[in-house]
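Trainee: Please work from the sequences and hints to get the whole structure.
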Amino acid sequence: MALSSKALDEFIICNRIKAEIIFLQRETRTVAEAAAVLGAKPDQIIKSILFLADGEPVLVINNGLARVAWKRLADYLGVSRRRLKTASAEKVLEITGYQVGAVPPFGHLTALRTVVATAVYTQTIVYGGGGDVQALMKMTTTELKRVVGWETAVISK
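For any residue, its number in the numbering used here is found by taking its place in the sequence shown, counting from 1, and adding 262.
Don't read these hints as lab results, they were simulated from the structure. What you were told as hints is all true, and nothing was included just to trick you.
Dumping the calculated SDA-like pairs for lysine to any residue here, alpha-carbon to alpha-carbon at most 25 angstroms:
#1 K407 to L355
#2 K347 to L314
#3 K353 to V395
#4 K333 to R345
#5 K333 to T384
#6 K353 to T292
#7 K353 to A397
#8 K419 to T292
#9 K400 to A294
#10 K400 to I279
#11 K400 to V362
#12 K407 to V330
#13 K268 to E356
#14 K333 to R343
#15 K419 to T403
#16 K268 to A302
#17 K407 to S266
#18 K353 to A373
#19 K400 to V299
#20 K303 to T292
#21 K268 to R278
#22 K303 to T386
#23 K353 to V410
#24 K280 to A269
#25 K419 to A331
#26 K303 to T414
#27 K407 to I357
#28 K353 to L327
#29 K353 to T290
#30 K280 to T380
#31 K407 to T376
#32 K400 to I357
#33 K353 to E272
#34 K353 to A264
#35 K419 to V330
#36 K303 to S418
#37 K268 to I279
#38 K333 to V416
Only a predicted model underlies this, so the values are computations on that prediction, with no experimental measurement involved.
Mentor: Quick look at the structure:
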């Protein structure tokens, strides 16, 4: 069963996380669209991407239009580049409980190792997956770090 923004909101409340879910009038398919609708900069939009490193799930949080540098991430995780894959949409749903495009940085079905790109923390406020494709979650990067942990790496290109 898929989780939704309601489940994420309950997680936020139960864990006393300072975050707000914002419901949009329409689905935004790109970082640029989301930033425009919110009146934010593209680098304030964060993406939660599920990777499989030697078969083990790792959530990577990257910002804006930046792409993950696969070789850097593989080196950081201590796996060969060929043993690093992005999870399929089915695997993302199975592991996180959320569909691709709605995955928040926390509150998943499975506890996940989470690596945050250092570039994310250059922003004060960020917007990430809100549990539904028409929802985004707003929070400070200080709160994000408190919730997901301190594991950061230079993994953007």
